[in-house]
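K.L.:
Residue-level listing of the chains:
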Amino acid sequence: MAGGRAGAGPVTRRLKTGSAASGARTRTGSGARARARLVLIGPGFSYLVVLLVLPLALVIGYTAFRRGRFGGIAYEDGVTGDNFARIADPLYAGVLTDSLRIAGITTVLALALGYPTAYAITRLTARWRTVALVLVVLPFWTNFLVRTYAWIVLLSGEGVVNRALTGVGVTDRPLRLLYTEGAVVVGLLYAYLPLMVLPLYAAIERVDRRLLEASADLGARPVRTFCRVTLPLTLPGVLTGCVFVFVPSLGNFVVPELLGGGRTVMVGNLLRDQFLTARDWPFGSVLALALMAFLVLLLMAQAWAGHRTGSRP
Amino acid sequence: MIRIHEVTRRFGDTTALDAVSLDIAEGEFFALLGPSGCGKTTLLRVLAGFETPDSGTVTLDGRDLLALAPHRRPVNLMFQSYALFPHMSVERNIAYGLAREGLPRAEIRERVTEVLDTVGLTALARRRPQQLSGGQRQRVALARAIVKRPRLLLLDEPLSALDKQVRAEMQLELKRLQHEAGITFLVVTHDQEEAMSLADRIAVLDAGRVQQVDTPVELYRRPRGRFVAGFVGANNIFAGRLLASGGLDVPGVGVLPAAAGDAASGDITGLVAVRPENIRFTDPDGDADAPLHGTVLDISFFGGSSRIAVTVPGLDRPVLLTAPGPAPVAPGARVALSWHPESAVLIEETVETTHG
Numbered sequence: 001m002a003g004g005r006a007g008a009g010p011v012t013r014r015l016k017t018g019s020a021a022s023g024a025r026t027r028t029g030s031g032a033r034a035r036a037r038l039v040l041i042g043p044g045f046s047y048l049v050v051l052l053v054l055p056l057a058l059v060i061g062y063t064a065f066r067r068g069r070f071g072g073i074a075y076e077d078g079v080t081g082d083n084f085a086r087i088a089d090p091l092y093a094g095v096l097t098d099s100l101r102i103a104g105i106t107t108v109l110a111l112a113l114g115y116p117t118a119y120a121i122t123r124l125t126a127r128w129r130t131v132a133l134v135l136v137v138l139p140f141w142t143n144f145l146v147r148t149y150a151w152i153v154l155l156s157g158e159g160v161v162n163r164a165l166t167g168v169g170v171t172d173r174p175l176r177l178l179y180t181e182g183a184v185v186v187g188l189l190y191a192y193l194p195l196m197v198l199p200l201y202a203a204i205e206r207v208d209r210r211l212l213e214a215s216a217d218l219g220a221r222p223v224r225t226f227c228r229v230t231l232p233l234t235l236p237g238v239l240t241g242c243v244f245v246f247v248p249s250l251g252n253f254v255v256p257e258l259l260g261g262g263r264t265v266m267v268g269n270l271l272r273d274q275f276l277t278a279r280d281w282p283f284g285s286v287l288a289l290a291l292m293a294f295l296v297l298l299l300m301a302q303a304w305a306g307h308r309t310g311s312r313p
Numbered sequence: 314m315i316r317i318h319e320v321t322r323r324f325g326d327t328t329a330l331d332a333v334s335l336d337i338a339e340g341e342f343f344a345l346l347g348p349s350g351c352g353k354t355t356l357l358r359v360l361a362g363f364e365t366p367d368s369g370t371v372t373l374d375g376r377d378l379l380a381l382a383p384h385r386r387p388v389n390l391m392f393q394s395y396a397l398f399p400h401m402s403v404e405r406n407i408a409y410g411l412a413r414e415g416l417p418r419a420e421i422r423e424r425v426t427e428v429l430d431t432v433g434l435t436a437l438a439r440r441r442p443q444q445l446s447g448g449q450r451q452r453v454a455l456a457r458a459i460v461k462r463p464r465l466l467l468l469d470e471p472l473s474a475l476d477k478q479v480r481a482e483m484q485l486e487l488k489r490l491q492h493e494a495g496i497t498f499l500v501v502t503h504d505q506e507e508a509m510s511l512a513d514r515i516a517v518l519d520a521g522r523v524q525q526v527d528t529p530v531e532l533y534r535r536p537r538g539r540f541v542a543g544f545v546g547a548n549n550i551f552a553g554r555l556l557a558s559g560g561l562d563v564p565g566v567g568v569l570p571a572a573a574g575d576a577a578s579g580d581i582t583g584l585v586a587v588r589p590e591n592i593r594f595t596d597p598d599g600d601a602d603a604p605l606h607g608t609v610l611d612i613s614f615f616g617g618s619s620r621i622a623v624t625v626p627g628l629d630r631p632v633l634l635t636a637p638g639p640a641p642v643a644p645g646a647r648v649a650l651s652w653h654p655e656s657a658v659l660i661e662e663t664v665e666t667t668h669g
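Chains A and B are the protein sequences, given in the same order.
For what it's worth, the numbering used here labels the leading residue of the first sequence as 1, then goes sequentially.
For what it's worth, the numbering used here labels the leading residue of the second sequence as 314, then goes sequentially.
For the record, the hints were derived by calculation from the structure and aren't laboratory data.
All figures in this text were calculated on a predicted structure; none of them were measured in a lab.
C-beta atoms are modelled at their ideal positions from N, C-alpha and C, and glycine is treated no differently.
Take a look, some chain A residues computed to stay more than 12 Å from chain B by CB distance: (1) Ser30; (2) Val108; (3) Leu165; (4) Leu258; (5) Phe294.
Label-pair restraints from in silico Cβ distances: (6) B/Arg405 <-> A/Pro116: 25 to 31 Å; (7) B/Ser510 <-> A/Pro222: 34 to 40 Å; (8) A/Ala112 <-> B/Pro387: 36 to 42 Å; (9) A/Pro222 <-> B/Thr426: 25 to 31 Å.
Isolated chain A, as found in the complex:
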């Protein structure tokens, strides 16, 4: 999670000092150490090269060529810049902005629901806190597709939600809930809310209660204390949670497909269709790269903001 990013610096530094130290040793000693290092780093390094660096290089490479007639890449047709130009097409730009909006709404709602939840959990007694956290994580133990199908049952015309609404008398006719943008947001929200709650819980848990007491002691009402002390101190957790929800929401294609009924197309669907249906690998690669570039920017912004608030001791 956030720790991985923060930990990257010290690890590389440690490796450097390690090699400097071994350089000063006898030749046989340093040879043994180098071998040991290779054994330790080797598996992880190969994993990254085979499964991350090579595919990424391929994807980047594809963007420069034309599509083959039956999928794949037509290398013999030479390089082109057309693939990048196509992304400006209003059709695709629309999909991208729709995706951003849906992911954005999902993230905001997840924050609005997740913060009070996480805050309430930190205020429970130790035993109930564990119970609550297990409940938060519990949905992950069931298959994601199954859980999403369950929402179809809930939201359908004769589903539980509609029956409850008509029963209470809110409406006299079943509402159209399924296959709307709202359904997609609900599905994404449901899927990724735990990813918001957990980092927020960790952040709020870490805030020293005495700071809140000090704030009250100095004359701040509880709302003030929250705005001026709790929220600023948990901002890194807020950002982490937002990224955790926003990123997978943006790329998700299962939820729009099942709950959006194909009406709501998100960038994830578009991307998959380019590879599997339209067989346009170069343009699919462009979309993938665009999505990735956007997410990298987002992560950098988060890292920067987290660093700036300087809550890490």
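Position chain B against the provided structure of chain A, taking the given hints into account.
P.N.:
Quick look at chain B alone, frame taken from chain A:
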């Protein structure tokens, strides 16, 4: 000014405060002294509003303090951990409480500048708390509390995190501030030297109960009860029968010098406490009439004085005495000890005697 009446607070089976009653006067420097777990911090938290007593009342200038939420009380607490906001500069930490009062910005700036000058932190105003030393943080915490000009300032172990040099400096500074600002100070400490040197009056707490409230000098000279005698300053405590004619008869040792009790009710069991500085060596060759004979066990030299421990047959603890300068005897030497009867403090014990 502040009246604490019969305040009791229980946590499960333990009673942190047991019917504590105290009166603190306007402008007083008052100390709560006791070992850790005696309830002194709980009392402080009751006054600040972070604990609610199970029973009892607290009034400030006759008004019920317990009815007010913490943020409405004219009381400020300086936390033991300082509790400075890590995401704010020194300046903004100090201005925090003033901004809550809705003061005009110019006045806030003026008062922050003033208090920064008072605690000598003007140069560090823009630093973050993490960039300060312990002593500097402590002064920020103090500045943040006094800038509000509270009626009552609560200090929780204010000097415990500081080394000896800085501590002495801060003690003087605290006293000066208290004189200048005219704020009533209530300091909680387990360090009796700190309490003695700072406070006008001290309340000694043990097991949630007030044992004695007195000025430092009286507390030292006339401890009431075994706990205070043993806790405040070093003391030699002898148990035996107080004789109506004067003296304490210790079984297996003999009659030790002590003034006659007020009550001429005959012999009663009791304790006598004698300060180490009041014990002297009598004739080094072993005066037969000296009340105590023993062997020097150990000598600690402190520069200005020496502390000498003497084992006396019949007593389970060595007798301590202080002598100015280097010790006149060597370990292993046979010595005779005595003291003036008037310097021995009588502590009459009732039947239900000691606890914990």
